[in-house]
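Novice: So you can see what is in the structure, the chains are spelled out below.
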Amino acid sequence: EDQVTQSPEALRLQEGESSSLNCSYTVSGLRGLFWYRQDPGKGPEFLFTLYSAGEEKEKERLKATLTKKESFLHITAPKPEDSATYLCAVQGDGGSNYKLTFGKGTLLTVNP
Amino acid sequence: KAGVTQTPRYLIKTRGQQVTLSCSPISGHRSVSWYQQTPGQGLQFLFEYFSETQRNKGNFPGRFSGRQFSNSRSEMNVSTLELGDSALYLCASSSSTGNTQYFGPGTRLTVL
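Here the protein sequences line up with chains B and H, keeping their order. Once you know that position 88 of the first sequence is 88 in the numbering used here, the rest is easy, because the numbers rise by one and skip nothing. For any residue, its number in the numbering used here is found by taking its place in the second sequence, counting from 1, and adding 1000.
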């Protein structure tokens, strides 16, 4: 069974203080690893898809990286508007498996 | 291109009632997945449909069911509602050539 563990559960940063969020996963075969951002009361907003170890993707202040066992979401010089819950999910490649298995998320708060 | 839409956005029901939620995917997307999100369990996969066929089903009781229409719109139904069914129900769509899922805003169901 696919499993995803995210750490820390919550993270408080000062504006401009860079940090990283961790996503550890176990999956029989990785079809894709996904990062989403979720604001309170809203649906998850897609950020990145990573497919293989060594892959990196960037968007504004965010950079996602992938190894064979974990992924990191690096946040450089965050702003208060980056405050949200960040969710990591994996999709295994077993047969007709199309579901996403999510971690519990990291609640990021960026103080001005 | 319009995103995933879900109706209604909010619902209040009482125990024992049944409810139907609706989801319209992004134009051209043929895969629709449903997830339940609660504070304790996070996001959990319910089922996935492609071309009117259920391809995957999560570990939920038979009270949870769904269907997909020829225009790719999907509905999910929950019968004999229980207090524990209170949650945010999220619908996501993906194209037939990609595995990234794009989420709608969700339907907030409260069972009293």
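Accuracy of the hints is not assured; some may be wrong.
[As the list claims (entries may be wrong)] Between beta-carbon pairs, the in silico distance windows are:
| hint | chain 1 | residue 1 | chain 2 | residue 2 | range |
| --- | --- | --- | --- | --- | --- |
| 1 | H | G1028 | B | E45 | 16 to 24 angstroms |
| 2 | B | K57 | H | K1001 | 18 to 26 angstroms |
| 3 | B | G29 | H | Q1054 | 18 to 26 angstroms |
| 4 | B | P112 | H | F1060 | 39 to 47 angstroms |
[What the hints assert, rightly or not] Partial selection, computed: residues in chain B whose CB lies under 8 angstroms from chain H:
| hint | residue |
| --- | --- |
| 5 | R12 |
| 6 | Q14 |
| 7 | S18 |
| 8 | S28 |
| 9 | G43 |
| 10 | P44 |
| 11 | A53 |
| 12 | F72 |
| 13 | G94 |
| 14 | Y98 |
| 15 | K99 |
| 16 | L100 |
| 17 | F102 |
Honestly, the hints are just simulated from the structure, not real lab data. Please read these numbers as outputs of a predicted model, since none were measured by experiment. Beta carbons are placed, not taken as given, at the ideal position from N, Cα and C, and that holds for glycine.
Novice: Next, verify each hint and record whether it holds.
Specialist: A quick look at each hint next to the structure:
{"no.": "1", "hint": "G1028(H) - E45(B): 16 to 24 angstroms", "result": "holds (20 angstroms)"}
{"no.": "2", "hint": "K57(B) - K1001(H): 18 to 26 angstroms", "result": "holds (21 angstroms)"}
{"no.": "3", "hint": "G29(B) - Q1054(H): 18 to 26 angstroms", "result": "holds (22 angstroms)"}
{"no.": "4", "hint": "P112(B) - F1060(H): 39 to 47 angstroms", "result": "holds (42 angstroms)"}
{"no.": "5", "hint": "R12", "result": "violated (20 angstroms)"}
{"no.": "6", "hint": "Q14", "result": "violated (27 angstroms)"}
{"no.": "7", "hint": "S18", "result": "violated (26 angstroms)"}
{"no.": "8", "hint": "S28", "result": "violated (15 angstroms)"}
{"no.": "9", "hint": "G43", "result": "holds (4 angstroms)"}
{"no.": "10", "hint": "P44", "result": "holds (5 angstroms)"}
{"no.": "11", "hint": "A53", "result": "violated (17 angstroms)"}
{"no.": "12", "hint": "F72", "result": "violated (19 angstroms)"}
{"no.": "13", "hint": "G94", "result": "violated (10 angstroms)"}
{"no.": "14", "hint": "Y98", "result": "holds (5 angstroms)"}
{"no.": "15", "hint": "K99", "result": "holds (4 angstroms)"}
{"no.": "16", "hint": "L100", "result": "holds (6 angstroms)"}
{"no.": "17", "hint": "F102", "result": "holds (4 angstroms)"}
In summary, the structure is inconsistent with hints 5, 6, 7, 8, 11, 12 and 13 from the numbered list given earlier, while agreeing with the others.
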